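**Student:** Sequence:
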Amino acid sequence: MDRKTMGRTTYRTGGHWLMLAAVPIAILAACNSQDLLNVKAPDRVPALLFDSPGQAALMVNSAAGDFECAFGSYVLVEGIISDELGDAQLGAAAWPYDRRDANTQPGGSYGTAPCTSSQTPGIYLPLSTARWDADNALTKLQAWTDQEVSGRDSLIAKAALYAGFSYSAMGMSMCQAAFDLGTPIDQPAMFAEAEKRFTIAIDEGKKAGTPDIVNAALVGRARVRLYQANLAGAAADAQLVPSGFVFDASAGSDDNRRYNRVYSATTQFGDYTVEAGARALTTEGVPDPRAAAALMTTRAADAKSAIWSPTKYTSDATPIPIARYEEAQLILAEAQGGSAAVNIVNALRDAVSLPHYSGATDAASITQLIINERQRALFVEGFRNYDIQRFKIPFNPPAGAPYPIKGGTYGNTTCLPLPDIEHFNNPNA
Numbered sequence: 134m135d136r137k138t139m140g141r142t143t144y145r146t147g148g149h150w151l152m153l154a155a156v157p158i159a160i161l162a163a164c165n166s167q168d169l170l171n172v173k174a175p176d177r178v179p180a181l182l183f184d185s186p187g188q189a190a191l192m193v194n195s196a197a198g199d200f201e202c203a204f205g206s207y208v209l210v211e212g213i214i215s216d217e218l219g220d221a222q223l224g225a226a227a228w229p230y231d232r233r234d235a236n237t238q239p240g241g242s243y244g245t246a247p248c249t250s251s252q253t254p255g256i257y258l259p260l261s262t263a264r265w266d267a268d269n270a271l272t273k274l275q276a277w278t279d280q281e282v283s284g285r286d287s288l289i290a291k292a293a294l295y296a297g298f299s300y301s302a303m304g305m306s307m308c309q310a311a312f313d314l315g316t317p318i319d320q321p322a323m324f325a326e327a328e329k330r331f332t333i334a335i336d337e338g339k340k341a342g343t344p345d346i347v348n349a350a351l352v353g354r355a356r357v358r359l360y361q362a363n364l365a366g367a368a369a370d371a372q373l374v375p376s377g378f379v380f381d382a383s384a385g386s387d388d389n390r391r392y393n394r395v396y397s398a399t400t401q402f403g404d405y406t407v408e409a410g411a412r413a414l415t416t417e418g419v420p421d422p423r424a425a426a427a428l429m430t431t432r433a434a435d436a437k438s439a440i441w442s443p444t445k446y447t448s449d450a451t452p453i454p455i456a457r458y459e460e461a462q463l464i465l466a467e468a469q470g471g472s473a474a475v476n477i478v479n480a481l482r483d484a485v486s487l488p489h490y491s492g493a494t495d496a497a498s499i500t501q502l503i504i505n506e507r508q509r510a511l512f513v514e515g516f517r518n519y520d521i522q523r524f525k526i527p528f529n530p531p532a533g534a535p536y537p538i539k540g541g542t543y544g545n546t547t548c549l550p551l552p553d554i555e556h557f558n559n560p561n562a
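For the sequence shown, my numbering assigns the number 134 to the initial residue and increments by one for each residue that follows.
Honestly, the hints are just simulated from the structure, not real lab data.
Note that the structure is a prediction, hence the values are computed from the model and not measured.
All C-beta atoms, glycine included, are put in the ideal place defined by N, C-alpha and C.
Be careful, since some hints might not be right.
[As the list claims (entries may be wrong)] For each label pair, taking beta carbons as the anchor points, the in silico distance ranges come out as:
id: 1; residue 1: G533; residue 2: D279; range: 58 to 64 Å
id: 2; residue 1: T245; residue 2: G533; range: 35 to 41 Å
id: 3; residue 1: N194; residue 2: A534; range: 43 to 49 Å
id: 4; residue 1: F557; residue 2: S498; range: 44 to 50 Å
id: 5; residue 1: A496; residue 2: S448; range: 40 to 46 Å
[To be verified] Straight-line C-alpha distance at most 25 Å; calculated DSS-like pairs for lysine-lysine:
id: 6; residue 1: K329; residue 2: K339
id: 7; residue 1: K329; residue 2: K340
id: 8; residue 1: K437; residue 2: K539
Make a model of the complete structure from these sequences and hints.
**Tutor:** So this is what it looks like as structure tokens:
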């Protein structure tokens, strides 16, 4: 909630000072002081406005805006935990991300911080807000009629889509989460909730004739089906996504909520840098442009680190992909395996002039191929941390190794536990 405060004038007794002090008193006396409590912030709207079918589009667009802000913060946090990005700032509250021991500190910033901080980004609160917005909009739209809401099908599809991506991101980042004061659920259950929303988005998007929503939902549903070990279902969705498709979280330099959070945290503010081990990823010995990083002139917040930034994000207005064709193809490769996976990977490499894969094709080798390709093709897009968890990729540095300069030792965080803020406010958590 925004608050406006009034300054206080200090004065001495005596005619001259008393007359000056009487000016604001007279002004206050001339108007109703109760009006001071009724000041309306220009960027806020009454909650009751969203009970009106006439405001359905505003409600859905608000949910999309909250998700985009939350998503940028999510990508940043997941990048730091997974060693795509490294700490370059002096705020101790954020060190658990880079130190990978945030899972031992449920009272930490991941549960309470907003989506607008490049130094100490939040994840649970922003994603929970976005999820509630989208689900609330979806519930109301399903209760209203076509006569009450123009374009209701497309609005239902859009609300369901952002709800699906919110559940998906929560499932990839949180070990548990609770929704609407309910009992906490685990990652597979969150992916199942995401799948339900994506299915609604696909069905309603087809009726409304909104192919971007349908294709984004197909990628999203393929993703969570893969994570639920439904390989056939994942492949069926992934192969429907057209070449070149991308669904972005928009970004802009006009407002902090709209910044590309990765760019702002690295190039703009110098709080984080591409981790040393992720700065020169190669494919078949050739530098991979999909995961390229460049040295910036930005002064690091800790006045020590060199600031490297992913070249895919060239400004604070560069959009961040939420779902795209390349991910769909990698899902298909993982689901099919064998020579089919190799052919898919080689086609993706052709698009960026990289050499073909020429290694072994046994199951373990293909899995490693998928891991490596995802690390590069989906660099700093929010996937690496959950890949570390599900593929059981070894930590580097390993858990227990000294955390340099700032103290402590590296932990083994992949997913984050239910934060204290949920325990404190949810009687069922």
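**Student:** Compare the structure with each hint and give your call.
**Tutor:** Against the structure, the hints come out as follows:
no.	hint	verdict
1	G533 to D279: 58 to 64 Å	60 Å, holds
2	T245 to G533: 35 to 41 Å	28 Å, violated
3	N194 to A534: 43 to 49 Å	46 Å, holds
4	F557 to S498: 44 to 50 Å	48 Å, holds
5	A496 to S448: 40 to 46 Å	42 Å, holds
6	K329 to K339	16 Å, holds
7	K329 to K340	17 Å, holds
8	K437 to K539	12 Å, holds
Of the numbered hints listed earlier, the single one contradicted by the structure is hint 2.
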